[in-house]
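Chemist: Each chain, written out:
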Amino acid sequence: MGGAESPILVRAEAVAYGYGPSAQHLRPIDLTVRPGEFWLISGPSGCGKSTLARCLTGLIPHLYRGRMAGRVAVGDTDTDHTPLWQLAERVGFVFQNPTGQMLCATVEDELLFGLETLGLDRPEMARRVEAALRQFDLARLRHRVPQTLSGGEQQKLALAAIMARRPPLLVLDEPLSMLDSTAALELVMHLQALTGAGIAVVVFEHRAEYLKSIPELQVLSLVGNGHPSDIESLPRVPSQTNPFVLQVRDLGVHLGGRPVLDRLTFSARSGEVVAIVGRNGSGKTTLMRSLAGLQAYDGYVSASGEKPDFGLVYQNAELQLFNASVRAEILYRLQEPDMTWYDWLMPALGLKTYEQTPPLLLSEGEKKRVALATVLMRRPRHGVLLDEPSLGQDAAHKDLLLRLARGLAGAGQLVVMTTHDLALAAHADRLMVLHEGRIIADGPAASVLLDRRAWKVAGLAVPPWVRAPEGQA
Amino acid sequence: MRLGMARGSATGRLAALAVDSPLRRVDPRVKLGLSLALSLAVMLPVEKLLVLLLIYAAFLAWAGLLPVAGRLLWRLKWVLVILFVVDWVLVSPALAVLVSLRILLLSASFAIVFATTTPTEFRLALEWLRLPYRYAFSIGVAVQSLGLIEQEWRTIIEAQRARGAWAPPKGWRKLLESARDAVALAVPAVVMTTHRAWSMTEAAYARGFDAPGRQSYRQLRMGWLDWILLGAAGLLVAVLILWR
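Chains S and U, in that order, are what the protein sequence lines are. Heads up, the first sequence is in my numbering, so the first residue is 529 and it goes up one at a time. Heads up, the second sequence is in my numbering, so the first residue is 3 and it goes up one at a time.
Please note: incorrect hints may appear among the correct ones.
Stated by the list, open to error - Ranges of calculated distance between the beta carbons of each label pair, as one might list FRET restraints:
1) Q221/U to T676/S: 25 to 31 Å
2) Q221/U to S853/S: 52 to 58 Å
3) W64/U to E658/S: 44 to 50 Å
4) G594/S to G233/U: 41 to 47 Å
None of these hints come from the bench; they were simulated from the model. Even for Gly, the Cβ is constructed at its ideal location relative to N, Cα and C.
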């Protein structure tokens, strides 16, 4: 483990950074990392976590043209005077989005990429590939296309591809954000094993609860730029929907000859907040697409006899945004927009100050809120479907999301969300667990969370800190 | 070199269809060479072109690639029909046949490469052609990303439909609206492609992309099938040149 006498792997001294000429996206930070240390860097959205990660790995200043202050040294050399390939030998970096860092056509080639750049001889490359496949349990996937793997498998591959290079320091930017609870706990165990072997690990993460039980965890909290004050109190949502019952009977979807949804039957009432959880590939997103009318299916889906009309907000909000301003985005293609509703939505979603801002320049949390506003402005008759709404969101944004969901449900809408975040799901009125296209548990969140058999079948671990909120248990 | 077959990417999906093709065992340099030679041969006169087309169709049938080539051509059906009609009306039926044959062959000429070659093999072939690694790698990644782009395009259409911002065009009167809606698709597509390109750039540099002493693990080796194919292609070229 690291001690004052251990060599310093990376040292940041008053490092600060701004992507533009005047803005400061990272306030001055000091950090010293030694072998075997496990660091958690936390902080609210927009506080500069990803920026600091890039400073530590040398991507800033080599690939970015902003303003950097202070100094970062890897070993005994400053990052700005060291070529990136030399820094990459000493600092491994696993990015937030595993899909975006897949460079090759097969898992095996993905592992080879970083070994080839080290200039190793071929037998040594072969040895390291085999070792990485074994260590990270990827052998059965060696000929698969990385983009076709699940989020958890991709994250493991990204880590394996870096660790095969054997860097003494590993930096991970929100590695848990796309993982379900089981995959997240497994990854944390892997990282602990690495620190046990003397490798230093620096994790930038919102879901800090997964790391807090690690002995000797060192924590650095970054200070944010504050949250929008206009979303502190949510105005009451105007009541707008007649009570209805969503009925789903024998819903089946086959994709590529494989049943993705297998005769699902359930009903839900207006005014409910329903969370759907399950491992990757369990059919969550297909169910949402079916309810939104975007997926052909067998079976019967209706809302009190009508074809359901839901708005679907995607995991990646950028898919839905393209206009020049937030206002134009929200009002796009509406013949006679209800401006009273618009005037309610803007402050309720904390978007009032961004009306003239291009949506694509907003933060991830803000983009999600704009995407939600575009869907709500259309006034879907039966409610909204939120696909992984908490992905990459800090606690304050998750809290806002929950209050919004409650507000919409209070106004008679049905809110259905899929999530990997069991702590968020615990706050729903109702929790459904999907496994291989079937519902294996369904009921009040508090009781489903206690259904050990269902979680075992689903292959999901319920971490000890996930408890039903007060009043539900 | 024997690599596992890629499934899922654009080339991978095509390749997965032709997984049993004997061309999977052929060196990518040979396949690239054959495709380039074929794309130059489209300048032959019409009677030789017809013979070449028949021979190439027989070759594709032997390689189990007729369905792949058929799908590629089906995508071009409107281009072929329009060109054929325009040439027929404005010039002559003979030119219409010649131009259509040339486009047909040109389009199908690279089917054997894209349907049976993994991006890694493709990159190695380009490196053998003395293309610097960074460019060969970028081209390989671009080829590999075609399937992703197609998939993302479908997701964007769906996402825009989910917010009520896009509907399939219906009739000529909707043309203007469709043009506006095209922006709704193009902007996210450009943003996502740019993001992905940047993410991959960062990821590549984080794994030493710019290292000077890179060693390639995969090696290309010519086998007996490669030499037979080269010999047959050479013979065919000689016959076509000498045939009067």
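Chemist: All hints, please: hold or fail.
Modeler: Consistency of the hints with the structure:
Between Q221/U and T676/S the CB atoms are about 27 Å apart, so this pair conforms to the stated range of 25 to 31 Å. About 55 Å separates the C-beta atoms of Q221/U and S853/S, a value consistent with the hinted range of 52 to 58 Å. Restraint check, W64/U to E658/S: a C-beta distance of roughly 37 Å breaks the suggested window 44 to 50 Å. Separated by about 58 Å at the C-beta atoms, G594/S and G233/U break the suggested range of 41 to 47 Å.
When each numbered hint is compared with the structure, violations occur for hints 3 and 4.
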